[in-house]
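Novice: Sequence:
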Amino acid sequence: MDETTYEVIEGVIENLNVYDADVNYLANSEANSRAAGIFSVLQAATGSPGAAHSAQASNDAGDPVEAYSMTVGGKTIHGSFWKTTFQNGEHVKVVAFREGSIFHAIAVADPENQVIWMQPHCERGVVEQRKYLVRNSLIFVVFVFAALAFLVKDEEMKLWLYLACGTSTSAGILFFTVGMSWGDLMTFAKRMSRVGAALQLESPDDINLARSTRKMIKTGKPELPMGVYYY
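Per my numbering, the sequence shown starts with residue 56, numbered consecutively.
Keep in mind that the hints were calculated from the coordinates and are not lab data. Fair warning: this is a prediction, and the values are worked out from it, not measured in the lab. Watch out, some of these pointers could steer you wrong.
Unchecked claim - As a list, the in silico DSS-like pairs of lysine-lysine whose alpha-carbon atoms are at most 27 Å apart:
{"id": "1", "residue 1": "Lys-130", "residue 2": "Lys-273"}
{"id": "2", "residue 1": "Lys-186", "residue 2": "Lys-130"}
{"id": "3", "residue 1": "Lys-130", "residue 2": "Lys-245"}
{"id": "4", "residue 1": "Lys-138", "residue 2": "Lys-148"}
{"id": "5", "residue 1": "Lys-276", "residue 2": "Lys-138"}
{"id": "6", "residue 1": "Lys-245", "residue 2": "Lys-213"}
{"id": "7", "residue 1": "Lys-213", "residue 2": "Lys-148"}
{"id": "8", "residue 1": "Lys-270", "residue 2": "Lys-130"}
{"id": "9", "residue 1": "Lys-138", "residue 2": "Lys-273"}
{"id": "10", "residue 1": "Lys-213", "residue 2": "Lys-130"}
{"id": "11", "residue 1": "Lys-245", "residue 2": "Lys-138"}
{"id": "12", "residue 1": "Lys-276", "residue 2": "Lys-148"}
{"id": "13", "residue 1": "Lys-273", "residue 2": "Lys-186"}
{"id": "14", "residue 1": "Lys-213", "residue 2": "Lys-186"}
{"id": "15", "residue 1": "Lys-138", "residue 2": "Lys-213"}
Unchecked claim - With beta-carbon atoms standing in for the labels, derived distance ranges:
{"id": "16", "residue 1": "Met-241", "residue 2": "Leu-218", "range": "26 to 32 Å"}
{"id": "17", "residue 1": "Phe-205", "residue 2": "Ala-252", "range": "43 to 49 Å"}
{"id": "18", "residue 1": "Glu-278", "residue 2": "Phe-198", "range": "58 to 64 Å"}
{"id": "19", "residue 1": "Ser-223", "residue 2": "Lys-245", "range": "28 to 34 Å"}
{"id": "20", "residue 1": "Lys-138", "residue 2": "Pro-166", "range": "30 to 36 Å"}
{"id": "21", "residue 1": "Leu-256", "residue 2": "Pro-280", "range": "18 to 24 Å"}
{"id": "22", "residue 1": "Ser-156", "residue 2": "Ser-223", "range": "23 to 29 Å"}
Idealized CB from N, CA, C, for every residue including glycine.
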């Protein structure tokens with residue numbers, strides 16, 4: 056999907072139909088489980104919203120989402136988001152790829168209100184995703200060393216042994232989470248960057264929808280449902 060061409064379809068929403076669904080956003084359930092697991096760990100470690108949703112994605116059924124079909128500009132569009140809250144009659148820009156006569160949406164944007172609905176797990180561009188993973192991995196390493204210092208009460212324990220235990224534990228866990236899922240995690244980031252480029256947003260690789268949403272809410276904008284952001 057990520058090697059296909061993204062197209063922007065602009066127009067008024069018509070014939071909107073929303074229904075509950077379970078969707079795997081990665082190539083297979085095993086990859087989805089790994090990626091969802093590390094998202095949950097990293098989000099929970101930093102108190103980020105959405106950890107519960109990411110954890111749910113680790114089962115074979117996939118993410119519990121709101122799928123939809125609609126018509127925009129005379130084109131049939133299918134897609135799914137955490138929450139599908141746009142309505143018939145609204146003017147939007149849809150970023151999608153074509154499969155036959157149907158367009159599969161990655162994002163739906165409301166330019167007037169600077170609101171965007173994104174496919175689950177796609178909220179940071181490539182550069183921001185790397186920063187996010189590295190930063191939270193370092194936080195996790197600090198947590199491991201702090202936990203060892205708290206749990207191990209042996210005052211005769213050598214410093215080198217403490218460092219070796221902390222390093223090996225951190226490295227092992229990060230390898231089986233971030234390391235093995237890096238490609239999958241960056242797939243989400245590439246989708247976000249490509250959506251930003253399609254919408255001609257400034258610095259697509261530096262997009263951080265979680266951060267831009269927090270800033271807009273602080274200025275008085277209303278809070279948004281899960282998976283809906285200000286940009």
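Novice: Taking the hints in turn, state whether each one holds.
Specialist: Hint check results:
1. Our distance criterion of 27 Å between C-alpha atoms is broken by Lys-130 and Lys-273, whose separation comes to about 37 Å.
2. Of the pairs offered as hints, the one joining Lys-186 and Lys-130 is violated, with about 37 Å between alpha carbons and a cut-off of 27 Å exceeded.
3. Note on Lys-130 and Lys-245: the hinted pairing holds, with a Cα-Cα distance of about 25 Å set against a maximum of 27 Å.
4. Distance hint between Lys-138 and Lys-148 is fulfilled; the C-alpha atoms sit about 17 Å from each other, no more than 27 Å.
5. Taken as a hint, the Lys-276 and Lys-138 pair is honoured in the structure, with Cα atoms around 18 Å apart against an allowance of 27 Å.
6. For the suggested pair Lys-245 and Lys-213, the alpha carbons sit about 45 Å apart, so the restraint of at most 27 Å is broken.
7. The suggested pairing of Lys-213 with Lys-148 is violated, with an alpha-carbon distance near 61 Å, which exceeds 27 Å.
8. Proposed proximity of Lys-270 and Lys-130 is contradicted: the alpha carbons are some 34 Å apart, above 27 Å.
9. This hinted pair checks out: Lys-138 and Lys-273 have alpha carbons roughly 22 Å apart, not beyond 27 Å.
10. For the proposed pair Lys-213 and Lys-130, the alpha carbon gap of about 68 Å is over 27 Å, so the pair is violated.
11. Note on Lys-245 and Lys-138: the hinted pairing holds, with a Cα-Cα distance of about 22 Å set against a maximum of 27 Å.
12. Proposed proximity of Lys-276 and Lys-148 is supported: the alpha carbons are some 21 Å apart, at most 27 Å.
13. A hinted pair counts as satisfied when its Cα atoms are at most 27 Å apart, and Lys-273 with Lys-186 qualifies at roughly 23 Å.
14. Only pairs whose Cα atoms come within 27 Å are accepted, and Lys-213 paired with Lys-186 is rejected, the gap being roughly 34 Å.
15. Under the criterion of a C-alpha separation no larger than 27 Å, the hint pairing Lys-138 with Lys-213 is inconsistent with the structure, at around 52 Å.
16. Roughly 30 Å separates the CB atoms of Met-241 and Leu-218, a value that falls within the hinted 26 to 32 Å.
17. At roughly 46 Å, the beta carbons of Phe-205 and Ala-252 sit within the given window of 43 to 49 Å.
18. About 29 Å separates the C-beta atoms of Glu-278 and Phe-198, a value inconsistent with the hinted range of 58 to 64 Å.
19. Range check, Ser-223 to Lys-245: Cβ separation about 32 Å, and the 28 to 34 Å hint holds.
20. A hinted range of 30 to 36 Å is violated for the C-beta pair Lys-138 and Pro-166, which are about 19 Å apart.
21. Our hint of 18 to 24 Å for Leu-256 and Pro-280 holds, since their Cβ atoms are close to 21 Å apart.
22. Roughly 54 Å separates the CB atoms of Ser-156 and Ser-223, a value that falls outside the hinted 23 to 29 Å.
Violation of the numbered hints given earlier is confined to hints 1, 2, 6, 7, 8, 10, 14, 15, 18, 20 and 22; the remaining hints are satisfied by the structure.
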